[in-house]
Amino acid sequence: MGDRIDERALEEVVSFTSDLIRIDTTNRGGGDCRERPAAEYVAERLAEAGLEPVLLEKERGRTNVVARIAGTDPAADAVLVHGHLDVVPAEADDWSVHPFSGEVRDGVVWGRGAIDMKNMDAMVLATVRAWARAGARPPHDVVLAFTADEEDQALAGAGYLADEHAALFEGCTVGIGESGAYTFHADGGLRLYPVGAGERGSAWVRLTARGTAGHGSKVNPRNAVTRLAAAVARIGDHRWPIRLTPTVRAALGRIAAAQEVETDLDDPGLDLDELLAKLGTAAALVAATVRNSANPTMLDAGYKINVIPGHAEAFVDGRTVPGGEEEFRTTMDRLTGPEVEWEFHHAEPALQAPVDRPVFDRMRAALERFDPEGRVVPFCMSGGTDAKQFSRLGIAGYGFSPLRLPPGFDYQAFFHGVDEQVPVDALHFGVRVLDHFFMNDDLHHHCLEEA
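The numbering of the sequence shown is the numbering used here, which starts it at 5 and goes up by one.
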């Protein structure tokens, strides 16, 4: 291990994270972003390691970087590792440090993207450069993809790559990306490492109500705002039924076992709320993914206080568990009623990846190699990642961006949050874990075959 991950790799992962944060790649949506400076930075670091990165754009300035590292066995399944280069907006006045400073202070790297997800981009760069210095090659091809536009709809990023450059990902059966393999400190000092093995689907919805425009002083039974507001309230108040998917069922079982909580998930009389209560803080890993959800987020109606508009719109952030798509449609039909129309503004399928295959065992082994007391569990992400786009190519996606975090570090709160930061020690841990995962000889033959 020491022959590959050297002191230079540990230094580079910190400097790369800081450098990438300083490159402002704010994605405000609707095409308002320019990832090219970060893409060029990544491509230069890869070229210095002897790779031949390709820069690809669907739109000017919306740049993706793809490179392939040839493995020692050309017949082995390839593995994709992907990370996005864009970040969500940040208001500097709300932060303790400037969000694009990349400041390194007290053993922590600060700034927008420190967790989501320029840290992972930097860990990948540092790892593959360490391989080049050591003259090491993984046993299987590794495809690197640094993408644009993940923080919007991925149309200029992973979606574009999957639709128009599928050949670059030939042979890939497994992909790893963000939002998994971080330390979750559960009750009693238990350290869990949730590895993403599923994602709820995106079901972003536009509601439209139409009525009769008129003077605000007069009675109007066909008020579009009233109709819309009633539908929004019904959606917000709805309690969706429980749907335990295989990934969530596996997560519940393994988290319960780690905490020595007895449960029978096949019991038709199972009280899930009671089980979640027994799991304590660890329940947060599964509570948001046991059912569909729909949260009203935006309203748009009217232009003057004394004018009743003839048209009103709202947007709802809907998420679907695997197999819950039809339930979502029929429920939205019922909740919106006959006076409000609805349509998908943006939709992506829910994902599930196997947790009983060798590739998951390799992830667990890599994490436990550097934290022997940690317990690795699968979980389903409540949101979505670029894995949805790459799934079109038959690539099973896992959330595996390893970080060992100290107690009290609220990982999820830093996603799109204020004072986003990542400990230097966590970056060092991540580089070591990624190296162990990719270089494990047991991984390279048929990553998804039955154990």
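Honestly, the hints are just simulated from the structure, not real lab data.
Take these hints with a grain of salt, some might be off.
Claimed, not checked - Simulated crosslink set (EDC-like; lysine to aspartate or glutamate; CA at most 20 Å straight-line): (1) K282 - D270; (2) K62 - D191; (3) K282 - E264; (4) K308 - D321; (5) K282 - D304; (6) K62 - D167; (7) K308 - D167; (8) K282 - D191; (9) K62 - D81; (10) K62 - D36; (11) K282 - E266.
This structure is a prediction, so every number in the text was calculated from the model and none was measured.
Against the structure, the hints:
1. K282 - D270: holds (17 Å)
2. K62 - D191: violated (47 Å)
3. K282 - E264: holds (10 Å)
4. K308 - D321: Violated - the C-alpha atoms of D321 and K308 are around 27 Å apart, more than 20 Å.
5. K282 - D304: violated (42 Å)
6. K62 - D167: It holds: about 11 Å lies between the C-alpha atoms, which stays within 20 Å.
7. K308 - D167: Not satisfied, since the Cα-Cα distance of roughly 44 Å exceeds 20 Å.
8. K282 - D191: holds (10 Å)
9. K62 - D81: violated (28 Å)
10. K62 - D36: Holds, because 14 Å separates the two Cα atoms, which is no more than 20 Å.
11. K282 - E266: Cα-Cα ~10 Å, so holds.
The structure fails hints 2, 4, 5, 7, 9 (numbered hints given earlier, in ascending order).
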